[in-house]
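The chain contents come next:
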Amino acid sequence: MPLPSTIRTVCQAGLAHATRQADVSYAEVRFAGEEVERLRVRDGVPDGVGRSLKSGLAVRLIARGTWGFSCTPLENEAAVVAAVGQALAIARASSALGRPPVLFPPRDAQVGRYETPLGIDPFGVPLEQKLAALSAPEAALRQGGAPIKSAEAWMSWTRIDKLLMSSEGSDIEQHFVYGGAGMLAVAVGDDASMQRRSYPGSPGTEQLQAGYEVIAEGRLLEEAPRIRQEAIDLLSAEPCPPGRRDVILASSQLALQIHESCGHPTELDRALGHEISLAGGSFLQPPQLGTLRYGSPIVSLTADSIAPRGLGTFGWDDEGTPARKVALIQDGIFNDYLSSRETAAALGRESTATVRADGYNRVPMIRMVNVSLQPRSGSLEALVADTAEGVLFDTNKSWSIDDLRLDFQFSCELAWEIKHGKRVRMLRDARYTGATPDFWGSCNAITGPEEARIWGLSTCGKGDPIQAMQVAHGAPPARFSNVEVGHS
Amino acid sequence: MKADGAAIAPDELARLLAAALARAGEAEAEVYASWQRRGFARFALGELGQHMLIEEPHAVVRVARGRRVAETSTTRLDEQGLVEAIQSAARIAPEVPEDESFPGFAGASEPAPPAVQRFVTATAASTPDQRVELLRPVLDRVAAAGLVATGVLDATSSVHAVATTGGVQRSYAGTTALFKIWALESAGSGGAAGHGLAAHADVGALDLAAETERAIRDAERSRDPISLPAGRYDVVLEPPAVAELIEWFGMIALGAREYDQGASALSGRIGEHISGTAFSVTEDPLGELSFAVPFDREGMARRRVPLVERGVARGVLYDRSWAARLGTHSTGSASVPSSFGEGGPAPSALVMDGGDAASVDELIAGLDRGLHVRRLHYVNGMLEPRRAVMTGLTRDGTFLVENGKPTRAVGNLRFTDSLLEAFERADGVTRLRQLLPNWWSSTGSVAAPAVRIRGLSFSSGSQTRS
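Chains as they are written, first to last, in the working numbering: chain P, 1 to 488; chain C, 489 to 954.
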């Protein structure tokens, strides 16, 4: 649905006011509106059913060679003109520090429109139908009672509308819809030990940029008995024995591995030191572009903002750079960064179109798009059959990685011991540890496109103040050799 | 009440909520609203690359039709916007299944919270020019030391109000000023780093110079680190490190939901010994070591709640719904849903008791051979929540201590240990505690002392980089 013409008029008024200032070399006014519908059923009881609305206008400009940012929740001309005034005051105040002017390369005007292709508009589906799609699997998780102590199922849908108008003549209107559903069972044993089992991945990874058709594809009701039983079986499973093993990461866990050890360290703002105040830096430094061996020769990772259904898919990023696909890691070699116009220019490169903002009241910054491991061939079952001794890790439980994105430790809800090509027993509280280039350097098998599910994370946290962003990862299960494993 | 520099006066926000409720005409409804205005100066590489004025209005509405409850939220804090949010919730409510344990919204008979004064005009009215002039000597000093400055100066005012159709009407305004500084050997590629942090309601009370000097001193001490292998080390954890552990403990253990699920370390263990006598944690939103709003989103008065006393589990936190389900009373701990949390009972101001030690140096003097840890990074407490097993890395200053004296910088190491079992082995706690805002809210915080722990388990050695 097109935005109301009043929004465009207000943005134009703000932009006109900004560009009338003699010391302004660049300005943009951005409208961002968001509607979120959340439903959750926990232990047979509705728990937080409702909708949220958030909208407003952001002003970002360069005056006297310095950035200024302000915003307003009010969508009228007086408010946007006031916001421009505040952004100007900030830029002018900051310029008193006498630092070198911002290097923000000009670009051609971009004019166009993007819209998520939808099968079924989720906002047109009755609430009753959605609640039924949750209540049935949630009840199935609890069927039979103990040792299942608690169960829940959830669904969320988000609609985001954006308009970007800039002093370069860009006029970009975009409309996004994404969502999905998941479930979780909590089992408590007689000894008060507790195990959780989630589906389809760890909570929050089930989101796709698509319509309500993804709910049927998710098969929550069909999968509930398996998830329930796995939660129960974990109570009596042995802990993962410590040692060095071959490790297979199932798709959902591999998605998080990509997110933490490839997505974040290839953010150029981190590498240049802009993100220390919340997240940290990166071990991937600019002099290593084109030379550093990040992974084995079969490892290629892309940043792709055009992939179907990915949460990181758009027409243009939030500073008007058109969507594209770039190789971050090519045949194991560090090849490119996730970058913005400003950070790319610092390296004499072009933006890789990754800048987005979490709503109207946050500054646009480099965010992951769809960062994905390129598939090779074969199925997960064939990979298991090809493994003499190893551990298969599935569904993330805990995640931790150092401030350079080098040393990591992940644990999973469920693991399987593999012997002679067969899953021989379930393991609980399994964790694996590694150093990013060593780990990816040990990758010796990647499954094929038929296994490469795309996982969406809607709350990737970055920035200060914190921003939540929608990102995604295509993740064909893969095998890594000689990895340190153990239990919590 | 006046709130100069804030986006709106608290009385005016309260009147707005009451007027919207009256106009919408719903029999049972609740509206909670907040409006934050943040003057946020974020610097990196010695430059103010992200200097922002951020307006964050937010209202959360619940409407009940009998025991059917729906929730909406909006960023439109005018009467029409609020009325529309109430009407939207009213349209949804009849379609929501009944919640048999819904206790209704708070009524006028609920005790009012005590008055808390945490609003400082100098913070709320902070201008861009003032923030730049506060930061200029910081940036100059770090550059003069041959280091790279990165950090934040945040001056936030927030106004909060809640109203229910049962007659609750409350409002409050507060301010939070936060300064975070890193002095770095290199901009983004690691190397020596030092950190300083100060938080106070009054931006004028922040000692930027002292925190800057601390960051520079630690960065200079952190050069040329040695590697240590994995193993158990006696450690002195400074308050920012302890606070991060306590913050995670709050997320995984101290809400009624986790307690009822059997997922909390306190589940089924109230009155039992779960940790050492050095471990006492209280929800203390009205105390001095807090930025909390004195009432929760339901209009219930926040109050002091002992959670763990000298290692004995004493209780968890409840909102009205969870209190009704579990047959007890709300502790005034209903949180507002956000991108990073689904709402429900949660801490707002966790405070760990201090001990007898006069200083961090006194704790360090008690180490024959161990580690002095300034901060932790990327802690995660989801490994085994029942035991509160956590993992994370040291950051921004890790030092080897030999014969009671710091001797060398150490490369960052990863610990993996149970918080509760580690505190069984704590034998020293400072009297002084530091107040640290949490990363997702300017009104949430943890206050922690420095703690000496014997035999903390480090699962990976330092400098594993290939």
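Hints listed in this document are in silico derivations from the structure and should not be mistaken for laboratory results. Just so you know, these numbers come straight off a predicted model, no measurement behind them. Mixed in with the good hints there might be a few duds.
Computed Cβ-Cβ distance ranges for the label pairs, DEER-style [claimed, not checked]:
1. C:R555 x P:K422: 25 to 35 Å
2. C:E797 x P:P117: 56 to 66 Å
3. C:G654 x P:S379: 53 to 63 Å
4. C:A515 x P:S379: 40 to 50 Å
5. P:R324 x C:A510: 27 to 37 Å
6. C:G595 x P:K325: 33 to 43 Å
7. P:Q129 x C:G554: 19 to 29 Å
Derived, one-sided and incomplete: chain P residues facing chain C with beta-carbon distance under 7 Å [what the hints assert, rightly or not]:
8. R51
9. A271
10. S481
11. N482
The C-beta atom is built at its ideal place from N, Cα and C for all residues, glycine as well.
Quick rundown of the hints versus the structure:
1. The beta-carbon spacing between R555 (chain C) and K422 (chain P), approximately 51 Å, falls outside the hinted interval of 25 to 35 Å.
2. The beta-carbon spacing between E797 (chain C) and P117 (chain P), approximately 57 Å, falls within the hinted interval of 56 to 66 Å.
3. Checking the proposed 53 to 63 Å range against G654 (chain C) and S379 (chain P) shows it holds: the Cβ atoms sit about 59 Å from each other.
4. In this structure the hint that A515 (chain C) and S379 (chain P) lie 40 to 50 Å apart at CB is violated, the actual value being about 58 Å.
5. Take R324 (chain P) and A510 (chain C): their Cβ atoms lie about 53 Å apart, and the range 27 to 37 Å is violated.
6. At about 58 Å, the CB distance of G595 (chain C) to K325 (chain P) disagrees with the hint of 33 to 43 Å.
7. Checked against the given bound of 19 to 29 Å, the beta carbons of Q129 (chain P) and G554 (chain C), roughly 22 Å apart, stay inside it.
8. Annotation: R51 (chain P) was flagged as interfacial toward chain C, and the flag holds, the nearest CB pair being 5 Å apart, inside 7 Å.
9. Look at A271 (chain P): its Cβ gets to within about 5 Å of chain C, closer than 7 Å, so that hint holds up.
10. Below 7 Å, beta-carbon pairs count as interface contacts, and S481 (chain P) has none with chain C, the closest being about 15 Å; its hint is therefore violated.
11. For N482 (chain P), the suggested interface contact is broken, since its CB lies about 13 Å from the closest CB of chain C, more than 7 Å.
Going through the hint list in order, the structure does not satisfy hints 1, 4, 5, 6, 10 and 11.
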